[in-house]
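Could you put the whole structure together from the sequences, leaning on the hints where they help?
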Amino acid sequence: MSIRHALLGLLTEGPKYGLQLRQEFEAGTGEVWPLNVGQVYTTLQRLERDGLVESEDAADDSPQKGFRITAEGEQELAGWLRTPPDLSSPPRDELVIKVLVAVRVPGVDVHDVIQVHRHYLVELMQQWTRLKEDEAQFDLNFALVVDAELFRLDSVVRWLDSADGRIKRASVEAPAPAGLPLPKLRRRVGQHT
Amino acid sequence: MNMLELVGVSKIYGEGPNAVHAISDVDLAVEPGALVAVMGASGSGKSTLLTIAGSLEKPTSGQVLVAGRSLAAMSRSAQARLRRRSIGFVFQDYNLLAGLSAIENVSLPLELDGIPAKKAQAIGRETLDDLGLADRASYFPDELSGGERQRVAIARAVVGERRLLLADEPSGALDSANGEAVMRLVLAACRRGVAAVVVTHDAQLASWADRVVFLRDGRVVDQTSPVLGPDSLLTPTSNP
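As they're listed, the protein sequences go chains A and B. Okay, so the first sequence: first residue is 1 according to this note's numbering, each after it adds one. Okay, so the second sequence: first residue is 194 according to this note's numbering, each after it adds one.
None of these hints come from the bench; they were simulated from the model. Since the model is a prediction, treat every value here as computed from it, not as a measurement. Please note that the accuracy of each hint is not assured.
Unchecked claim - Some, not all, of what chain B presents toward chain A, calculated at C-beta under 10 Å: (1) Ala402; (2) Arg404; (3) Val414.
Even for Gly, the Cβ is constructed at its ideal location relative to N, Cα and C.
Written out as structure tokens, the structure is:
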């Protein structure tokens, strides 16, 4: 999460104070990402050092010190918005490792292990969905954040469902011989050389 | 009293070595106003469970009670009456009658139950109004979008005094916005006291439910606890 660029984004609306930026950041993310006021000021100092924002009165260190975005800041923000985050390499996903290990450990029912995680994820999704129930309280930013979380959790459940089925079919078709090494999990997709 | 109760319900298709156990020893209780989702993979027995709950099929063993009345103790005509009056079905492919308008589709179960056409249509119109479909009442199914068709199907399922809604993959081929709209309608019906069972493989749909029951190879293996309040997600992790 780039607080730096989120603050630049807020400053495109006009000059703002540090405390105001913190409040608007939290409101704009549906208060799902709380922000320490110290983080805001540290980030603003770095942005100022890099020439991306300027303070209205450099001598004044009070909380009422206002900041505005510079032309360089606007350019930096525009570039960042269109730069895709690096999703080319599979993340080291703990849940994937758990399932891979469960397949190999004697006496462990991998389907039960998968169900424990599916149960947990669906309960989390139920809690997020409850937040959507009252549409009157549901502004656009909050809706976007909640949907992002629901789609993320949903993708994990879908993977578990798929793994469940794949493991079941594999056990019917050809039992895996014991003693094979774990599959190599080194980055093979989109590897940067 | 539970609106729907399944006690030790099993369904076996075929006999001997070819017998297929579609569902085994399923217990399920749904109280009025509750939305219960049944999640499971294809072939886990979800649809069988729903058709048995709706008296469209008989269980091989076990008991099904709707509003406290055992289906096994009812004649076929009493079961048909129960389906017409108390149970609404929603299917993946809408199952609307192509030759009837939206309002005619919605009021049809009431007319079949002996309510005069004029009165049935007035009740149907109210239901369409509630579901935001007032301006689509005279449209035929092929003039409606997929999302609108499914909303009409839900209107038909909850029209009149229906107190049990049984839905099989109700968001079917709909996109996520329409899927959400469908679940909002189901939830709204539950908040008015309807008991609903939605079977689905889709976790986003299931997450609208008060309780999610997991089915694997025809057996209930697990179910979620009551949903925690939203506050549990929004506990600040840092404080100034």
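To see whether the hints hold, each was checked on the structure:
no. : hint   : in the structure
1   : Ala402 : holds, 7 Å
2   : Arg404 : holds, 9 Å
3   : Val414 : holds, 6 Å
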